[in-house]
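In order, the protein sequence lines correspond to chains A and B.
Position one of the first sequence corresponds to residue 1 (my numbering), numbered consecutively onward.
Position one of the second sequence corresponds to residue 1 (my numbering), numbered consecutively onward.
To be clear, the hints were calculated from the coordinates, so they are not data collected in a lab.
Any given hint might turn out to be false.
Stated by the list, open to error - Footprint (simulated), chain B over chain A, 3 or more residues, beta carbon under 8 Å: (1) 31-40; (2) 46-56; (3) 215-221.
We put the CB at the ideal spot given by N, CA and C, even for glycine.
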Amino acid sequence: MNVQIVAKSKPYKEKLGYRIGLDFRKNKGLYLMILPVLVFYALFHYTPIMGILIAFKDYVPKKGIIGSNWVGFRHFYDLFTSSYFWQVLRNTLWISTNNLIWGFPAPIIFALLINEIVSVKCKRAVQTITYLPHFISLVVICGLIKNFVGTDGLINNMFFGEGSRNMLENKNMFVPIYVISSIWTEVGWGSIMYLAALAGIDTQLYEAATIDGAGKWRQTLHVTLPGIVPTIVLLFILRLGSMLNVGYEKIILLYNPLIYDKSDVISTFVYRRGIQEASWSYSTAVGLFNSVISFILIYCSNTASKKITTTSLW
Amino acid sequence: MIHSKSKGEIVFKAFNILFMLFMVILTIYPLMYVLFASLSDSTEMLAHSGILVKPLGFNVAAYKMVSNDPTIYKGYMNTIFIVVAGCSLNILLTSLGAYVLSRKNVMWKSLITFLIVFTMYFSGGMIPFYLTVKNVGLNDSLLALILPTAVNTFNLLILRTGFSAIPDSLEESAKLDGAGNWAILFKIIIPLSLPTISVVLLYYAVAHWNAWFNAMLFIRSSDKYPLQLVLRSILITNETAQMDMGTAMGEKLATRESIKYAAIIVSVIPIMLVYPFLQKYFVKGTLVGAVKE
Numbered sequence: 001m002n003v004q005i006v007a008k009s010k011p012y013k014e015k016l017g018y019r020i021g022l023d024f025r026k027n028k029g030l031y032l033m034i035l036p037v038l039v040f041y042a043l044f045h046y047t048p049i050m051g052i053l054i055a056f057k058d059y060v061p062k063k064g065i066i067g068s069n070w071v072g073f074r075h076f077y078d079l080f081t082s083s084y085f086w087q088v089l090r091n092t093l094w095i096s097t098n099n100l101i102w103g104f105p106a107p108i109i110f111a112l113l114i115n116e117i118v119s120v121k122c123k124r125a126v127q128t129i130t131y132l133p134h135f136i137s138l139v140v141i142c143g144l145i146k147n148f149v150g151t152d153g154l155i156n157n158m159f160f161g162e163g164s165r166n167m168l169e170n171k172n173m174f175v176p177i178y179v180i181s182s183i184w185t186e187v188g189w190g191s192i193m194y195l196a197a198l199a200g201i202d203t204q205l206y207e208a209a210t211i212d213g214a215g216k217w218r219q220t221l222h223v224t225l226p227g228i229v230p231t232i233v234l235l236f237i238l239r240l241g242s243m244l245n246v247g248y249e250k251i252i253l254l255y256n257p258l259i260y261d262k263s264d265v266i267s268t269f270v271y272r273r274g275i276q277e278a279s280w281s282y283s284t285a286v287g288l289f290n291s292v293i294s295f296i297l298i299y300c301s302n303t304a305s306k307k308i309t310t311t312s313l314w
Numbered sequence: 001m002i003h004s005k006s007k008g009e010i011v012f013k014a015f016n017i018l019f020m021l022f023m024v025i026l027t028i029y030p031l032m033y034v035l036f037a038s039l040s041d042s043t044e045m046l047a048h049s050g051i052l053v054k055p056l057g058f059n060v061a062a063y064k065m066v067s068n069d070p071t072i073y074k075g076y077m078n079t080i081f082i083v084v085a086g087c088s089l090n091i092l093l094t095s096l097g098a099y100v101l102s103r104k105n106v107m108w109k110s111l112i113t114f115l116i117v118f119t120m121y122f123s124g125g126m127i128p129f130y131l132t133v134k135n136v137g138l139n140d141s142l143l144a145l146i147l148p149t150a151v152n153t154f155n156l157l158i159l160r161t162g163f164s165a166i167p168d169s170l171e172e173s174a175k176l177d178g179a180g181n182w183a184i185l186f187k188i189i190i191p192l193s194l195p196t197i198s199v200v201l202l203y204y205a206v207a208h209w210n211a212w213f214n215a216m217l218f219i220r221s222s223d224k225y226p227l228q229l230v231l232r233s234i235l236i237t238n239e240t241a242q243m244d245m246g247t248a249m250g251e252k253l254a255t256r257e258s259i260k261y262a263a264i265i266v267s268v269i270p271i272m273l274v275y276p277f278l279q280k281y282f283v284k285g286t287l288v289g290a291v292k293e
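Use the sequences and the hints to build the structure in full.
Dropping the structure here:
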């Protein structure tokens, strides 16, 4: 009895305000420490998120974001009724689909093959060398590509003979160039996650399979592959979630007006209309479309991943 | 044991070795080609087509031109400044954030974590970001390449995971000895997390070294160009006017190509030199980062 009365007589401790005060007094020092980080996120992440408002306004730098006039959904109307926007969206999806179909299996196959190398030294050497392109700057990579596929470039000469036209001026060549060069830079690096999964497979499973008379091929099929399927599914779902985020920096470095109709993607379109032509509001609207769809995609794929593999981003 | 020596497996092994050799050559050769081409005689190089297995002739003229070029030198200096200043700020802020977010019994921790992680999946987009940085007054300043990238959320999460792994008992005994948060962070947590911190530091350093897009957005005066932006004008937009000045007209085209090759080599060298020693740390980072948050 007594105990209950005591507990009831101190409801103040349960109150939110009290807990906030207590927490603040206790952790003042910690909050002070994280303050610069919070200021950073407020300034360089949340201020731009607020800046999305200009997608619904007619932004004029002189009037500022608050002072500019509201125009409602006009920019979105302009966007969805322009045929060029749909072409840009199609290009985005086409490039990322190709990148997915060709670029996704490549590191898996590569990891499986690396895993078959017996000598540890050879394995290390192959890994070290094939990870390298991942660290070379995009500007240099694109400089190499432009040089090799340009008139009299190494690759151009090999396939089309001397003096043929720059391959980047042929709009049908753009997607293959983009995808193949991406595989070149990322295949080694992309195999790391799979190699880690492969290393985690219990060796007893292989021994048991050998005793049961399974050869190398059947071991791969029934032990190795099932061992990395969770990793494959997880990474695949995450890739699906970022379908709209094509590597625009690479495209800006590689493309030219002659091949815009095959290589222009949402982000490069935003860049040209916004930064180069100063259509601030319109390009922000395009960017917002991109962000919202991307967010929905990543949210859905994360939910799917949670259900299928029980692993997820959050 | 019978299976391990079947014919199919021997064929497979041979094929695998050949394939790996092919992959290694495919990765290395483009860079070797550029190295050979940069050392070749520029007019011979222009007439040549197909692969190179060694330099055509031997000529370091392109390197002389590149090293005498003030824009490349200036770009190098700017990039070194950005890497050093940027990484210092990166590590300081990321450690502070990771420390606080790895403490227990902090009421607002989950809200702060949510707000921070949210920015990985939703952003204002390029244009609002551009306008924000401009409005802060960072236009045409090297700070525009340092402050807006001061904390990378992914790296923050890697470091938080690292800090969480340190046993609480160490922190508690330090508290009993009267150590405050700053002392605990700098005298206990950071010294014990050096491997993770070096992974994060490497990621930041490589990102700064290779970054060019923000520089293109914000830097106007060419004496503030970082190396990558200088390279972009040489490799992508073909501006070598300053360097080949004084070369006869006919040789210009040839010289221009050689300068490109030499510039690539000069910019890739620092990464190539440190990469073999640091590669294992990079790998560690991707695996730590893969741990679910």
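Structure-based check of each hint:
Only when three residues or more bring their CB closer than 8 Å to a CB of chain B does the claim for the segment 31-40 of chain A stand; here the count is 7, and the claim holds. With 8 residues bearing a CB less than 8 Å from a CB of chain B, the segment 46-56 of chain A meets the requirement of three and the coverage assertion stands. For the segment 215-221 of chain A, the stated coverage by chain B holds: 3 residues have a C-beta nearer than 8 Å to a C-beta of that chain, and at least 3 were required.
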